[in-house]
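Enquirer: Each chain is listed here by its residues.
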Amino acid sequence: MKKYEYLPHTADVRFRAYGKTPEEAFANAATAMFNVMVETEKVKPKAIRKITAEGSDLESLLQQFLEQFIILLDTDNFFLSKIKKISISGSKKHYKLSAVAAGDEAKNYETIGPQVKACTYNSMFVKQEGRQWAVQVVVDI
Amino acid sequence: MEVKSKSMELKKISEYEWEIPKHGGMKVPARIFASEKLVQKIQQDRTLMQAANVAHLKGIQKYAYVMPDAHEGYGFPIGGVAAFDTEEGIISPGGIGYDVNCGVRLLRTDWAVEDIKPKLKQLLDTLFTEVPSGVGRGGLTRLSDAEMQEILAKGSRWSLEQGYGTKDDLAATEDYGYMKQADPEFVSHTAIARGKPQLGTLGAGNHFLEIQAVDKIYDEKTAAAFGITGVGQVTVMVHCGSRGLGHQVASDYIREMEKKYGFADLPDRELINAPFNSELGQKYFKAMCAGMNYAFANRQMIVHWIRDSFKKVIGTDHGMKQIYDVCHNIGKIEKHKVDGEVKELCVHRKGATRSFGPGREEVNEIYRNVGQPVFIPGTMGTASYILVGTDEAEERSWGSTAHGAGREMSRADAIRRYRGETVAKELEQRGILVKAASWKGIAEENVPAYKDVDEVCRVSNEAKLGKFVARLVPLGVVKG
Chain A
2 MKKYEYLPHT ADVRFRAYGK TPEEAFANAA TAMFNVMVET EKVKPKAIRK ITAEGSDLES
62 LLQQFLEQFI ILLDTDNFFL SKIKKISISG SKKHYKLSAV AAGDEAKNYE TIGPQVKACT
122 YNSMFVKQEG RQWAVQVVVD I
Chain B
-5 MEVKSKSMEL KKISEYEWEI PKHGGMKVPA RIFASEKLVQ KIQQDRTLMQ AANVAHLKGI
55 QKYAYVMPDA HEGYGFPIGG VAAFDTEEGI ISPGGIGYDV NCGVRLLRTD WAVEDIKPKL
115 KQLLDTLFTE VPSGVGRGGL TRLSDAEMQE ILAKGSRWSL EQGYGTKDDL AATEDYGYMK
175 QADPEFVSHT AIARGKPQLG TLGAGNHFLE IQAVDKIYDE KTAAAFGITG VGQVTVMVHC
235 GSRGLGHQVA SDYIREMEKK YGFADLPDRE LINAPFNSEL GQKYFKAMCA GMNYAFANRQ
295 MIVHWIRDSF KKVIGTDHGM KQIYDVCHNI GKIEKHKVDG EVKELCVHRK GATRSFGPGR
355 EEVNEIYRNV GQPVFIPGTM GTASYILVGT DEAEERSWGS TAHGAGREMS RADAIRRYRG
415 ETVAKELEQR GILVKAASWK GIAEENVPAY KDVDEVCRVS NEAKLGKFVA RLVPLGVVKG
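Sequence order for the protein chains is A and B. Quick note: the first sequence uses the working numbering, first residue 2, plus one each step. Quick note: the second sequence uses the working numbering, first residue -5, plus one each step.
Calculated directly from the structure, the hints in this document are not laboratory data. Do not rely on the hints blindly, as some may be mistaken.
Said to hold, decoys possible - Below, a list of computed lysine to aspartate or glutamate pairs in the EDC-like style, where the Cα atoms sit at most 16 Å apart:
{"#": "1", "chain 1": "A", "residue 1": "94", "chain 2": "B", "residue 2": "252"}
{"#": "2", "chain 1": "B", "residue 1": "315", "chain 2": "B", "residue 2": "302"}
{"#": "3", "chain 1": "B", "residue 1": "253", "chain 2": "A", "residue 2": "130"}
{"#": "4", "chain 1": "B", "residue 1": "254", "chain 2": "A", "residue 2": "58"}
{"#": "5", "chain 1": "B", "residue 1": "253", "chain 2": "A", "residue 2": "60"}
This structure is a prediction, so every number in the text was calculated from the model and none was measured.
The whole structure should be built from the sequences, with the hints applied where relevant.
Expert: And the structure:
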């Protein structure tokens, strides 16, 4: 199964990420977002960061989850290596997410593209497609 | 499936103006300024559908406008202009853009191409070091919370107090580099934390710093008023905005507005808005103005370091005078005539430049008799233009014109098609040096990824939204 793929967008970056569970799809979305900037497989899992997010639906939960990483990059110079743990709880109207991410200082790596500066709601979705979950995101760069 | 705008009915009004007639829930029609050639490109993505969506919003006046460089944005198209009645209308972060007060600043110099060419490489290397760019590279300053409050409240005035710039720089900056409506209290701690390490940095993506030469002068009198004296004169251009801080202000208020007003009735979730006169609408407006101030201070710092770089390499920065600084992601309160009556409007320009003609009080004193300077940058290998605002633009587009070449190819496509190293070599053969934080960045910003800037500016000129003054060509580029 494909973890994620980039799709055409005139000015910004649009991608879809997939997983057997929403958690897996969310984790793959975070990797897809960092892969715009750096080859994440080269980033060492040296430091651990805890991420929490809340949302009134799965889309706003995903938006806030990804935004936490954008903030971490700007304020803490953090590049993601991988998501070590992720769980989503709650139900309609109130979802919660907690995750543990491993990564390293951005300044130690060669960057390969523009910086992701915001996670938008533009054509965003989180949905179950047959046996898998798919999410779509457009990030502002 | 990608939704295109091709199916949208488009009525030709004149050679450079098109209309989407009012239909469905549209409160006003939409007007598109474009040539036949550009309309075909604009129809390739969802731009027109987005313009029709904007026309649904409360309090919109006259038309939802689309500039000749327009492309698909989030909710609102990039290259979109819409004005809302301040009493009955809305304000929308998506209509102003994430990069609050992204803009272009242009310096003129007394040097000719021959003076600069032998030291061009050294200059680019120095600029690359002095003005940090790229992902995860912080600025040279470490700011305290108190300093951030000052920057958000004062904009370029803070820079001037700190010795980064001159009074003349501020006299030649839109709004004199300072939005008085700004209130830092409404900017979140997160936004401030993102802004702290980034003041004076270029960022990455389509932001750049370029050494250019005047290639053509169309209007000698206006050019002279702007300090452009002849072909071959060297200019320096900076394109950047409010960095992470502005993006966070937009994200924060999109979330707040969703919580308060929901998005069930909107044709697109990114069109979220608040009544301008509501508590939340006012908080966003004041926070956005604070973001504008950050961007003004950011470009002011960069200009300081540009001068420093020239001093280091050439020995002097004499004659490096700021022509102007334009904002192209903004929401401003302006008075305009609507059906013969003067109304106060909140004008949203998202990827559009203000182009007021002579006489308007908002035009800086030094240019009030001439009209507002407008800068439309091209891409790495192409020309940029200096235009001047017109009276006609006030009637036709709330005093607005285009802001750039406007992308037409996705970044993913550009990377598949071009290699950064090859692009840089080809440009070097044409005499243009490029220095970038990443090769991939060069491929993404390659010339064919953009619409034809000459055509965009020709339409602006012909439709009288902004008139030709001079054309600039690149000598050397620093890309983030």
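Enquirer: For a C-alpha distance cap of 16 Å, please report whether residue 253 of chain B and residue 130 of chain A respect it.
Expert: violated (28 Å)
Enquirer: Starting from residue 315 of chain B, check that the Cα of residue 302 of chain B is at most 16 Å away, please.
Expert: With a Cα-Cα distance of about 13 Å, the restraint between residue 315 of chain B and residue 302 of chain B holds, given a limit of 16 Å.
Enquirer: Are the Cα atoms of residue 94 of chain A and residue 252 of chain B separated by 16 Å or less?
Expert: The given pair, whose Cα atoms are some 13 Å apart, holds under the 16 Å limit.
Enquirer: Check whether the Cα positions of residue 254 of chain B and residue 58 of chain A lie no farther apart than 16 Å.
Expert: Holds, at roughly 15 Å.
Enquirer: Checking one constraint from the list: CA of residue 253 of chain B to CA of residue 60 of chain A, max 16 Å. Satisfied?
Expert: holds (14 Å)
Figure legend: structure checked against the earlier numbered hints; the only hint not met is number 3.
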